[in-house]
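Participant: Single-letter residue listing:
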Amino acid sequence: MLRRHLLASLALLPLSFAVPTLAPVAAAAANVTEVLLPPWGTLPKGMTDRLASETGVTLDTQTLGWDQILTKVATSMIAGSPPADTTEVDWSWVGQFGAANWYLPLNDAVDAATLADIPSAKFFMVDGKLLAVPYANDFRVLIYNRDHLDRAGIKTAPTTPEQLLADAKAIKAKNITQYPIALPLSATEGSATAWYLLTKVFGGELFNEQFEPQFIKPDSAGYRAMAFEIEALKQGLISPAATGLKDVEVQELFKKGDASFDLAGWAGNVAVYSDPSKSQVAEHVAAALMLSTTGTARTIGLPEAMGIPATAKNKDGARTFINWFIKPENQIESYKTLGNLPTRTSVLKQLNSEGKLKSGDVILQQATLVDPLFKQGTPVWYPQFTSAVSSALNQAAKGQLTVAQAVAQIAEEAKSAMQP
Amino acid sequence: MTLTSIRERLRPTPGETWLGLAYVLPIILVMASLVFVPLLATVFDSLYRIDPMRPGTPFVGLLNYQNLATDSNVQHATWNTLVYVVLAVVLETLGGLAAALLLNKVRHGRQWLLAILVLPWCLPPVVNALVWLWIYNPSYGVLNNLLKGIGLISENQVWFNDHHTALLLISLVHVWRMLPLTAIILLAALQAIPGDLYEAAKLDGAGRIKCFRMITLPLIAGGLAISLSQSTVFAFNLFDEAWILNGASLDTRSLIIQVYMSAFQNLKFSYGMALSVLAMIASLLVSMVYVLKVYRETRFD
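Respectively, the protein sequence lines represent chains H and A.
Using the working numbering, you'd call the opening residue of the first sequence number 3 and step up by one each time.
Using the working numbering, you'd call the opening residue of the second sequence number 93 and step up by one each time.
These are calculated hints, taken from the structure and not from any lab test.
There could be a bad hint or two in this list.
[Claimed, not checked] The calculated DSSO-like cross-link candidates involving lysine-lysine, where the alpha carbons are at most 27 Å apart (straight line), are: (1) Lys351/H x Lys317/H; (2) Lys258/H x Lys240/A; (3) Lys124/H x Lys377/H; (4) Lys240/A x Lys174/H; (5) Lys176/H x Lys124/H; (6) Lys315/H x Lys358/H; (7) Lys236/H x Lys240/A; (8) Lys74/H x Lys171/H; (9) Lys280/H x Lys351/H; (10) Lys240/A x Lys248/H; (11) Lys157/H x Lys131/H; (12) Lys174/H x Lys248/H.
[Unchecked claim] Covered stretches of chain H (in silico footprint by chain A; criterion: 3 or more residues with CB under 8 Å from a CB of chain A, positions within the stretch not fixed): (13) 51–59; (14) 226–233; (15) 275–284; (16) 397–403.
Ideal Cβ placement from N, Cα and C applies to all residues, glycine included.
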């Protein structure tokens with residue numbers, strides 16, 4: 003009896019392995035394409051339905067956290083299997099993905115006029131190959147609470163780091179808010195990118211052409227940027243809890259009215275902060291050009307894009323989807339529903355002329371002053387470097403390292419990361 | 093019936109032997125494919141340079157292991173992990189034993205108490221850590237409000253700004269989750285001790301402490317060894333609590349977080365593999381040392 007059951011079970015076992023193989027047959031017939039994107043890239047049903055009716059492509063969407071996507075892409079590509087037909091490609095992964103040859107070049111997949119309309123596409127070029135097509139235009143602007151400034155008797159937004167400190171002190175002195183500057187200082191990527199931004203604000207670069215660190219000397223922009231952050235923290239202008247807060251958590255402080263300045267504000271967040279259903283300070287939000295010590299309000303671009311892994315099964319479906327997603331009408335809908343700032347300059351101008359782009363003039367002006375973080379392109383060692391930056395910055399904020407020790411530690415780690 | 097005839101009756105027939113093997117074959121296959129083959133592959137691959145950003149996968153021998161020895165991040169993570177292991181093993185064992193002894197005394201409603209006790213263990217580690225993230229929150233966390241309420245602190249504290257406090261708080265979250273498992277293992281061992289032994293010891297004039305030392309402890313030695321091993325292995329593998337409560341901060345970074353960062357953020361796979369192999373060996377060695385010690389010191393001959 004037992005033996006019969008066992009034999010029957012063993013006979014059925016191969017069938018259970020065969021069942022999943024039937025799924026791709028059905029998928030291919032319906033032209034289904036798999037996409038792997040973060041929550042802000044996950045399209046609402048209205049858009050996916052329209053995609054299906056306009057192109058015949060049906061989306062099979064996987065939503066993962068931003069850093070989990072990198073893990074999934076890396077493990078899948080090492081195993082030689084596709085993570086999806088289309089995946090998120092962050093600007094910071096470009097060096098690694100380019101060196102590993104994991105993504106298909108998309109130079110011919112998107113027409114030249116469209117690419118010319120997307121300036122941030124240059125962030126995704128590796129050796130002349132376009133690795134991914136940007137869909138979310140992240141660059142940094144200064145976002146502030148106009149009401150806080152008015153109540154403190156401040157007429158205009160600050161334009162220099164010194165003015166920002168003076169304004170923050172004035173706001174704190176009038177008890178409008180206890181910690182006026184919202185800035186992350188945790189050991190996370192958001193803290194590191196804020197320091198990179200401030201390095202630009204202080205008029206410098208992280209590395210020279212030979213990738214030699216330019217932030218070690220006390221008069222360098224990087225050193226002054228970190229000293230500025232630590233000084234603001236010591237003066238009680240940044241919450242001491244910022245040592246444990248990610249960028250998104252710091253943004254919540256601004257939304258609640260607990261902070262007056264979102265110093266490293268995401269340009270797309272002006273719309274989110276101005277939405278009464280998402281923010282308690284919606285009617286007081288305004289954006290200004292990034293601070294500067296040189297007269298030019300430089301900022302950094304951190305765009306996000308979509309690429310097609312070399313192992314993708316439905317490459318045609320993926321190309322169709324990407325081309326559809328970057329059409330002007332879909333970029334506008336993505337901005338309205340998901341808060342993704344359009345990557346096409348023409349779309350930004352159209353939204354501004356229609357009065358639909360919050361602080362549109364500032365956003366458009368700042369968009370022309372976007373610098374890449376690395377002029378040579380994102381290096382393969384960026385993740386190791388940025389992890390060292392966030393750790394050292396976090397230690398400096400906790401008082402465990404001086405600024406001099408922190409920048410020296412970062413330089414040492416950078417040297418180690420660059421070693422073959 | 094003689095012993096020989098019993099052995100003859102229990103001797104399996106040739107057909108039954110094959111059937112027995114067929115029944116254990118699935119677990120052998122599962123263990124081989126999911127544990128032993130990946131383990132051997134990891135050890136093997138750690139001797140190569142597996143880095144998707146660089147061409148080829150040349151044999152590098154022990155180079156990954158040599159580099160680990162001088163990596164300051166690995167040294168930080170190793171020290172943090174050792175602190176986690178010591179705190180977790182001590183607190184889980186003492187707390188688990190205390191909980192098991194208390195539960196063993198309870199006659200009514202033990203099942204309800206047991207259900208409450210295992211609740212933290214049933215929660216997914218991420219949910220568990222998120223709950224504690226709110227408790228430790230410097231702005232609205234319960235811990236600050238509680239301590240202010242009883243007058244121990246006058247203003248809100250940012251708990252993770254101090255290295256030692258941060259390590260202790262993360263260990264406590266891990267202990268809170270894993271202590272129930274230790275308690276259940278030890279409770280099972282306690283319930284297997286015959287009551288007659290305690291009665292006989294009392295008649296001989298033994299007090300509570302002597303009973304505990306001479307009867308309870310030796311007879312739960314097996315359970316104690318299992319609980320110590322699992323506490324050690326889980327503490328060595330601590331990831332979720334440290335990652336959710338304090339991210340990649342060097343103050344609280346564990347070895348497994350360092351493995352994750354090396355392999356999946358920096359994409360230096362073989363480097364991460366070498367570190368995971370070392371972490372596994374360390375975990376096994378520590379477990380073995382005190383498991384053997386517990387057996388040696390408490391067993392009855």
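Participant: Take the hints in turn and mark each one as holding or not.
Facilitator: Comparing the hints with the structure gives:
1. Lys351/H x Lys317/H: violated (32 Å)
2. Lys258/H x Lys240/A: holds (24 Å)
3. Lys124/H x Lys377/H: holds (10 Å)
4. Lys240/A x Lys174/H: Satisfied, since the Cα-Cα distance of roughly 24 Å is no more than 27 Å.
5. Lys176/H x Lys124/H: violated (45 Å)
6. Lys315/H x Lys358/H: violated (39 Å)
7. Lys236/H x Lys240/A: holds (23 Å)
8. Lys74/H x Lys171/H: violated (45 Å)
9. Lys280/H x Lys351/H: holds (25 Å)
10. Lys240/A x Lys248/H: holds (26 Å)
11. Lys157/H x Lys131/H: violated (47 Å)
12. Lys174/H x Lys248/H: Holds, at roughly 23 Å.
13. 51–59: violated (count 0)
14. 226–233: The restraint on the stretch 226–233 of chain H is violated, since only 0 of its residues have a Cβ under 8 Å from chain A and three are required.
15. 275–284: Since 0 is below three, the answer is violated.
16. 397–403: This one holds; 4 residues, not fewer than the three required, reach chain A with a Cβ under 8 Å.
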